[in-house]
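For the sequence shown, my numbering assigns the number 1 to the initial residue and increments by one for each residue that follows.
Note that these hints are calculated values from the structure, not bench results. Note that the coordinates shown come from a computational prediction; the quantities given were computed from them, not determined experimentally. Glycine included, each C-beta is placed from N, C-alpha and C at the ideal position. A couple of the hints might just be wrong.
[Said to hold, decoys possible] DEER-style ranges, computed between Cβ atoms:
| # | residue 1 | residue 2 | range |
| --- | --- | --- | --- |
| 1 | Lys-638 | His-728 | 32 to 40 Å |
| 2 | Ser-115 | Glu-80 | 36 to 44 Å |
| 3 | Ser-157 | Leu-359 | 38 to 46 Å |
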Amino acid sequence: MIPGNSQSRKNGRLTAMLRLKSNFHSWGLQTRLLLPIGLVLGVALTQAIFTKISTERQMELLVHRQGVAVLDDIIKSTAEKRLFQEKFAQLLSMQSGLAQAIKKNDRQTLTNTLSPFHQKINLGDIHVYNQKSQEILKLGEILNKKIELSMIKSALSGLSNSKIEVTPDGLIILASSPIIENRNIVGAILVSHKLSGKALEQLKPAHGVQLALFHQNKLVGSMVSQPGLPGVVSQFKSPKYQLSGIDKNFIAYNFYLTSKPLTKNSLLVALVPIEEFVSVAKQQNIIFFISNIVLLFTLSWFILVLDRDIAKPLKIMVNTTLDMVNGNYHRRVLPCQIPELNDLAKSINFLAEKLEVQLAKLSHQAYHDTLTNLPNRALFLNNLEKALMDTKKYKSSSAVLFLDLDGFKVINDSLGHKTGDRLLMAVSKRLKECVRSQDVVARFGGDEFTILLKDITEEKEAINVAERIIQKLQTPFILEGREVFISSSIGIALDTGNCDRGDALLRNADSAMYEAKKRGKSRYTLFQPEMDSRAFERLQLATDLRKAIEHQELRLYYQPVVQLESGIITEVEALVRWQHPYIGLISPAKFIPLAEETGLILQIGEWVLQKACQQARTWQLQHPGYPPLIVGVNLSPKQFQQPELVEKIAEILTLTELPPQCLKLEITESMMMEEGETTIATLYRLKQLGIGLAIDDFGTGFSALNYLKRFPVDTLKIDGSFIKGLGHNREDTAIVHAVIAFAKALHLSVTAEGVETSEQLSQLKLLGCDRGQGYYFCAPISGDAVKMLIDKLLQKQFFDPEISPNSLIPSFISS
């Protein structure tokens with residue numbers, strides 16, 4: 001043999017094998033699945049010639065199937081009996097008077113109630129137990145005390161239960177159910193039904209099958225009738241309660257044994273006659289055997305193909321997909337041999353890449369503010385909790401600054417939300433310039449920002465940051481070509497290792513921020529423990545306010561509005577007060593903001609409107625000779641934004657029978673500037689009802705005059721802060737003069753609020769003001785006091801224009 005030729009032949013065979021393998025790997029999935037079919041058919045035909053027919057195995061298979069079917073039917077029947085027993089127990093537990101009898105330990109009533117069921121319906125024994133698991137009625141015997149106690153314990157926990165138990169005495173079906181009265185468990189009922197000996201015949205197996213029941217290798221029940229066979233059955237031993245094959249002891253009797261566990265420690269044995277199956281098994285054995293051979297080779301081939309080329313790649317793909325479901329998008333699938341699976345692998349890899357990018361975006365969005373790109377509330381709190389743990393670990397300090405922009409709402413309302421958004425972005429940029437890289441600046445929501453200062457040594461560092469922020473924000477912002485000024489109120493809370501929760505430290509900073517606003521805004525305040533107590537008092541007050549209307553603690557007072565030229569009282573303004581049962585009379589300046597925050601202002605506002613209209617109508621009926629008083633009622637912003645506001649007011653006017661022209665609604669400038677076109681539409685609808693409209697506290701808000709001339713209002717009420725400086729403060733006098741002139745130009749009447757001196761009254765008359773309101777004329781008084789005032793005025797002929805109101809009303813009050 002020539003070595004070179006031998007090596008050449010080997011290389012040639014290797015090349016052919018590689019080519020065949022390459023061609024095989026290029027086949028599609030369908031080709032690979034069709035190939036085994038031809039191979040299986042060839043193998044089946046070849047094996048058919050040499051296969052030895054086995055009748056015994058075929059017979060065993062047929063008979064075994066018959067036995068399994070019979071046992072399944074019996075087990076199903078037993079399960080149905082168990083469910084029926086459970087329903088029976090539930091039915092008994094609902095019998096009338098049963099719960100009361102148990103509570104009274106009345107055995108006679110229990111016996112009278114349950115004995116008919118025990119005697120007339122052959123469903124077993126009945127036992128009743130009280131709430132302490134004590135047996136108070138026994139109709140029959142429960143054979144296993146341990147099982148009995150477990151069933152009762154389950155029922156007393158509120159669950160109905162049923163169970164099949166096999167004991168040396170036979171098969172027992174037990175069921176328990178709680179006895180409930182008014183949702184309270186007062187006891188339990190237990191029923192049991194035993195099947196033993198010939199009672200097993202109730203299970204009625206078919207096709208000549210005979211049954212035997214074993215409990216721990218001991219025969220406890222049998223319906224075997226063939227002579228000699230019962231003795232063999234009773235000696236039968238099966239250590240693990242499993243039987244397979246044909247037991248030689250029973251072949252002589254032409255029976256095959258099939259078994260199934262009935263309970264944990266019992267075995268149900270079916271003796272299936274085999275004689276009738278022998279002939280059928282012999283006839284079909286050849287077909288079954290060939291089928292088994294074909295199946296064997298088919299499965300072998302498919303297992304090989306599925307495992308190597310389909311199962312393994314699919315398993316990798318499934319695991320990759322599960323990783324994606326769990327949030328891990330880094331894993332990739334390797335290329336596969338089958339083109340279809342390879343395309344699927346590419347798709348999975350593409351999806352994983354896209355999801356990985358999308359997850360990064362979503363994760364960023366979940367923890368960052370979309371407008372400013374600053375960390376949001378959730379991320380800030382996470383950083384704060386970590387900082388507190390580091391504070392304890394390294395014995396350092398941290399600080400939280402809580403910022404709220406002063407006057408942001410005015411800017412947002414007047415310049416628009418887009419400008420407001422640009423201002424927030426500019427503010428966030430300046431805030432980041434005021435802190436270190438390791439500190440955290442977050443937008444907490446709206447115009448609120450929070451700052452976490454990590455690893456500081458003294459409170460002076462936090463104060464320096466607050467001062468830098470206040471100074472930084474004093475520089476005007478240039479937005480859309482105009483200068484915009486903003487300031488900030490800052491609360492500072494320090495942690496020196498004693499704070500366990502981040503939200504508590506944040507709450508302290510928030511309380512300090514509110515204190516800074518109270519002290520004049522554009523400043524910072526360090527948190528003090530007494531601030532926390534004030535916050536708690538505020539919370540308690542808000543809680544009490546919820547009960548104020550229900551407990552009729554709110555009171556209405558009325559302050560007269562006087563015509564300055566004639567001295568006639570033409571109007572009264574309704575003012576709400578809160579008569580707290582423990583604190584006393586609470587000013588609206590203290591509880592109205594709370595009502596706005598909690599949403600109770602809607603309920604309070606509706607109550608005020610209805611009570612004021614009722615009172616105005618009462619005065620009209622009491623003084624038919626006096627011109628009807630107009631009652632002024634303030635509307636809150638939330639009330640004014642209600643879609644059904646006009647309908648509610650119309651309903652109240654109808655209910656109280658008050659003429660619409662006797663009601664004047666007072667709203668502020670800022671309320672009128674919100675939702676401009678919608679506001680105008682609402683005002684016109686109110687005007688159509690005949691109601692008067694007034695702008696309250698005019699001059700303190702931010703009004704656009706081009707809007708104001710479109711509003712269908714009747715009256716401007718000049719804020720008392722301008723009236724206070726009237727006559728001696730040049731700016732206040734000029735403002736009052738301008739407002740009166742502006743109102744006259746628009747054909748509006750003017751009411752001056754807060755008139756307290758005769759000098760102010762004289763100046764208002766000179767400027768042409770129509771009406772006045774304030775303590776110089778009359779303090780807010782009760783509805784009954786208003787009635788007395790009208791009586792006095794009628795007696796003194798108050799309508800005489802020569803009589804000055806500033807002399808008559810104070811004299812009435814003093815009297």
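The hints, checked one at a time:
About 39 Å separates the C-beta atoms of Lys-638 and His-728, a value consistent with the hinted range of 32 to 40 Å. For Ser-115 and Glu-80, the Cβ-Cβ distance of about 26 Å falls outside the hinted range of 36 to 44 Å, so the restraint is violated. For the pair Ser-157 and Leu-359, the supplied restraint of 38 to 46 Å holds, since their beta-carbon distance comes to about 45 Å.
Taken one by one, the earlier hints fail for this structure only at number 2.
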